[in-house]
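Engineer: In the order they appear, the protein sequences are chains L and F.
Anchor point for the first sequence: position 50 equals 1364 in the working numbering, and the numbering is continuous, going up by one each time.
Anchor point for the second sequence: position 66 equals 75 in the working numbering, and the numbering is continuous, going up by one each time.
Source of the hints: derived by calculation from the structure; they are not laboratory data.
Keep in mind that a hint or two might mislead.
[Unchecked claim] A few chain L residues that face chain F, going by a derived Cβ cut-off under 7 Å, partial list only:
(1) Trp1322
(2) Ala1330
(3) Ser1357
(4) Tyr1359
(5) Ala1370
(6) Pro1393
(7) Met1394
(8) Gly1396
Glycine is no exception: its CB is placed at the ideal position from the N, C-alpha and C atoms.
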Amino acid sequence: MRVRYFAWVRERIGRAEEDVSPPVDVVTAGDLVKWLKARDEQSDYAFERPEVIRIAIDQMHVQPTTPIAGAREIAFFPPMTGG
Amino acid sequence: MVVRLQPHDFDISAEIDQLVAGRTDIGAVVTFAGLVRDMAKGAPILDMTLEHYPGMCEAELERIEAEARSRWELQGSLILHRYGRLTPGERIVLVVTLSPHRHAAFEAAEFLMDYLKTRAPFWKKETAADGTGHWVDAREIDDAAMARWG
């Protein structure tokens, strides 16, 4: 699946998007955060406070408890500051 | 019902003219325009860069607009948001609501802005006077403003 990052999440990870293949025990969006966080130092820094990270699956806001099965694109970003 | 994202500036009066052209049934037009301030947390800023999530941003604004239409009698609306680099004094966002009656137009405009601020995927990064960049923190007051709509 395609994973995308925005704002300071993108800056901390050092890339805007990538394709990932998480193991089968990564079931929810929150599981995916934990799995990504454990990969390397930059990801650990980006997800150091998982509770503030917002998640979208296929361009819709979701909760960390939402299953990721069938998702094409999952995005991680900070709370929004438009307007 | 129109949602538009663009890097360039807009003309408020031209946008309103376009929305009401040829119509005689509209009683109220409410507009909200947001501008870039020159100060952030008491310190001057040089400029601001607005990042957005193309595709989701439009989709989310359309969902917010549909929600407003289900709550108020609207004859039309516009959400126009800029992205990219902006300097103090520039326009960032324009919300226009059209309704037969002013209360619906006022309330819907406020609703659209409250939802936009907390749900549309935009992020602001400001450049301080010393040239360093700082991501703007989300404000709890904006979450509270959205929550009051239930």
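Engineer: Failing hints, ascending?
Structural biologist: 2, 3, 4
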